[in-house]
Amino acid sequence: NAGVMQNPRHLVRRRGQEARLRCSPMKGHSHVYWYRQLPEEGLKFMVYLQKENIIDESGMPKERFSAEFPKEGPSILRIQQVVRGDSAAYFCASSPPSSGYEQYFGPGTRLTVT
Amino acid sequence: GQQLNQSPQSMFIQEGEDVSMNCTSSSIFNTWLWYKQDPGEGPVLLIALYKAGELTSNGRLTAQFGITRKDSFLNISASIPSDVGIYFCAGQTAGGNEKLTFGTGTRLTIIP
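For the protein sequence lines, the chains are P and Z, in the order given.
Going by the numbering used here, the first sequence opens with residue 1, and the numbers climb by one from there.
Going by the numbering used here, the second sequence opens with residue 1, and the numbers climb by one from there.
Any given hint could be a false lead.
[Claimed, not checked] Have a look at the derived ranges for each label pair, beta carbon to beta carbon:
(1) P/Glu41 to Z/Gly53: 14 to 22 Å
(2) P/Gly16 to Z/Ile80: 43 to 51 Å
(3) P/Gln50 to Z/Gln3: 25 to 33 Å
[Said to hold, decoys possible] Examples of chain P residues lying across from chain Z (beta carbon under 10 Å, computed):
(4) Gln37
(5) Ala88
(6) Cys92
[Stated by the list, open to error] Computed from the model, here is a short list of chain Z residues facing chain P with C-beta under 7 Å:
(7) Ser10
(8) Phe12
(9) Gly16
(10) Pro39
(11) Glu41
(12) Ala48
(13) Ala52
(14) Lys99
(15) Phe102
(16) Thr109
(17) Pro112
Hints were generated in silico from the structure; no laboratory data involved.
All residues carry an ideal CB built from backbone N, CA and C; glycine is no exception.
Given the sequences, and given the hints that come with them, work out the whole structure.
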């Protein structure tokens, strides 16, 4: 049973470019969460999605960031016009539909903006 | 916003020693989770706690959900080299299908 998968593992973008981060949840999981982690800090919640719905985006910056979880395919976190401050590790987690208490994390995507 | 404070921030111990760390909150949580993160990897779930006062074990790990619902403790007995890493507590307020609020982390180092 494969775990949460994220790709790419490392992504380098120049300022002003777009970054697309992908997340495939564990088999049978229909809830996806995105978190951001700066060096030497804990994870900070960004957005919670179910298939085709954004449930909670209270941690998402209002501009340049968007997320989706389509009916088919992985969840996508998109960052437009990246800036140096967007450099961080972005983690995706998933939980099963019946109980969302336990969230299982992917290996993360490390975004570096040059 | 809610904050989870972990202590100690870092620990240096010898192999075989027991470890204790805790997590405190300014507000009530209804679920507590403990994760371990290795460098360059995502957090791995160690233990989940669902009821105030609950004491749960997973091998050499034991965690407790504080009675006030504002704190939780993690103990590791007889530490081994693979215990090295950063330990995070995380909480949910409503319980289930909602965001996790993470603590600041405790970095565990084992001195040879």
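Structure-based check of all given hints:
1. For glutamate 41 of chain P and glycine 53 of chain Z, the Cβ-Cβ distance of about 31 Å falls outside the hinted range of 14 to 22 Å, so the restraint is violated.
2. Look at glycine 16 of chain P against isoleucine 80 of chain Z: about 47 Å separates their beta carbons, and that is inside 43 to 51 Å.
3. Evaluation of the 25 to 33 Å hint for glutamine 50 of chain P and glutamine 3 of chain Z yields a pass: the beta carbon distance comes to about 27 Å.
4. Because the closest C-beta pair between glutamine 37 of chain P and chain Z is about 9 Å apart, less than 10 Å, the hint holds.
5. Below 10 Å, beta-carbon pairs count as interface contacts, and alanine 88 of chain P has none with chain Z, the closest being about 13 Å; its hint is therefore violated.
6. Because the smallest distance between the Cβ of cysteine 92 of chain P and any Cβ of chain Z comes to about 8 Å, under 10 Å, the interface hint for this residue holds.
7. Interface hint at serine 10 of chain Z: violated, since its Cβ lies 11 Å from the closest Cβ of chain P, which is beyond the 7 Å cut-off.
8. Taken as an interface hint, phenylalanine 12 of chain Z does not check out: its beta carbon lies about 17 Å from the nearest beta carbon of chain P, beyond 7 Å.
9. Taking 7 Å as the C-beta cut-off, the interface hint given for glycine 16 of chain Z is violated, the closest approach to chain P being about 28 Å.
10. Taking 7 Å as the C-beta contact cut-off toward chain P, the hint placing proline 39 of chain Z at the interface is violated, the least distance being around 11 Å.
11. The closest approach between the C-beta of glutamate 41 of chain Z and any C-beta of chain P is roughly 6 Å, which is under the 7 Å cut-off, so the hint is satisfied.
12. For the restraint placing alanine 48 of chain Z at the interface with chain P, the shortest Cβ-Cβ distance is roughly 5 Å, inside the 7 Å limit, so the hint holds.
13. At a threshold of 7 Å, the smallest CB-CB gap from alanine 52 of chain Z to chain P is about 15 Å, leaving the interface hint violated.
14. Checking lysine 99 of chain Z against chain P by beta carbon gives a least distance of about 4 Å; that is within 7 Å, so the hint holds.
15. Using the Cβ-Cβ criterion of 7 Å, the hint placing phenylalanine 102 of chain Z at the interface with chain P is satisfied: the shortest such distance is roughly 4 Å.
16. A distance limit of 7 Å between C-beta atoms decides the matter here; for threonine 109 of chain Z the minimum to chain P is near 14 Å, and the interface restraint is violated.
17. Interface restraint check for proline 112 of chain Z: the shortest CB-CB distance to chain P comes to about 24 Å, outside 7 Å, so the restraint is violated.
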